[in-house]
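Line by line, the protein sequences give chains A and B.
Straight run, no breaks: the first sequence in the working numbering ends on number 112.
Straight run, no breaks: the second sequence in the working numbering ends on number 110.
Don't read these hints as lab results, they were simulated from the structure.
Don't take every hint at face value.
[Unchecked claim] With a cut-off of at most 20 Å between alpha-carbon atoms, the simulated EDC-like pairs for lysine to aspartate or glutamate come out as follows: (1) 57/A - 55/B; (2) 18/A - 30/A; (3) 42/B - 38/A; (4) 18/A - 1/A; (5) 97/B - 79/A; (6) 97/B - 59/A; (7) 71/B - 84/B; (8) 97/B - 53/A; (9) 94/B - 59/A.
Nothing here was measured: the structure is a model prediction, and the numbers come from that model.
Okay, here's what each chain looks like letter by letter:
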Amino acid sequence: EAQVTQNPRYLITVTGKKLTVTCSQNMNHEYMSWYRQDPGLGLRQIYYSMNVEVTDKGDVPEGYKVSRKEKRNFPLILESPSPNQTSLYFCASSSGPLGGQYFGPGTRLTVT
Amino acid sequence: GESVGLHLPTLSVQEGDNSIINCAYSNSASDYFIWYKQESGKGPQFIIDIRSNMDKRQGQRVTVLLNKTVKHLSLQIAATQPGDSAVYFCAEKKNGKLTFGQGTILTVHP
Numbered sequence: 001e002a003q004v005t006q007n008p009r010y011l012i013t014v015t016g017k018k019l020t021v022t023c024s025q026n027m028n029h030e031y032m033s034w035y036r037q038d039p040g041l042g043l044r045q046i047y048y049s050m051n052v053e054v055t056d057k058g059d060v061p062e063g064y065k066v067s068r069k070e071k072r073n074f075p076l077i078l079e080s081p082s083p084n085q086t087s088l089y090f091c092a093s094s095s096g097p098l099g100g101q102y103f104g105p106g107t108r109l110t111v112t
Numbered sequence: 001g002e003s004v005g006l007h008l009p010t011l012s013v014q015e016g017d018n019s020i021i022n023c024a025y026s027n028s029a030s031d032y033f034i035w036y037k038q039e040s041g042k043g044p045q046f047i048i049d050i051r052s053n054m055d056k057r058q059g060q061r062v063t064v065l066l067n068k069t070v071k072h073l074s075l076q077i078a079a080t081q082p083g084d085s086a087v088y089f090c091a092e093k094k095n096g097k098l099t100f101g102q103g104t105i106l107t108v109h110p
């Protein structure tokens, strides 16, 4: 089954404790992206990757890092999480930059 | 700045009616426009897309119209069903960067 998976689905952590949210797709897609969704602000792009070892900033990259060492995985790293990073995070992938994206199920992160 | 916005935050229709969800955009350089549907507790689901060199595209029960003159995008859903109730987002894409609108809540009454 074609899918995008994210782990964990729920995470509660404390300020400053480094965390990684994993994202994996099994569709051999070149393009992958991370978004956060907040009430009243909609979905905002954090980072995207057009291919392995190629990453670019989206609209809200501050406080986040990503890596794309292999095609299927695109982890989101928060080196020092802060409460304003409490949000619902989605990973997505597509066959190319003009393709409709497949979204993962979301990761709800709470930083206290 | 560049933005993608929606005219109406909520839309209520009767089952069987046609629904039209509108979206205004301001970046005339966008390559590509996409409509997504998001049900409660789930990630956005791709519905239909349209390239900037087209003005209409049809799918199963859905049609997207693009009017570049007035920078307007619409999603038409024919014979709306209760299962269509969700939040609908338009998005525009340029060089891999995707910008979403705020979303319209569609409620279908049986």
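Now the hints, each set against the structure:
no.	hint	verdict
1	57/A - 55/B	30 Å, violated
2	18/A - 30/A	27 Å, violated
3	42/B - 38/A	14 Å, holds
4	18/A - 1/A	32 Å, violated
5	97/B - 79/A	24 Å, violated
6	97/B - 59/A	8 Å, holds
7	71/B - 84/B	26 Å, violated
8	97/B - 53/A	17 Å, holds
9	94/B - 59/A	13 Å, holds
Hints 1, 2, 4, 5 and 7 from the list above are not met by this structure, while the remaining hints are.
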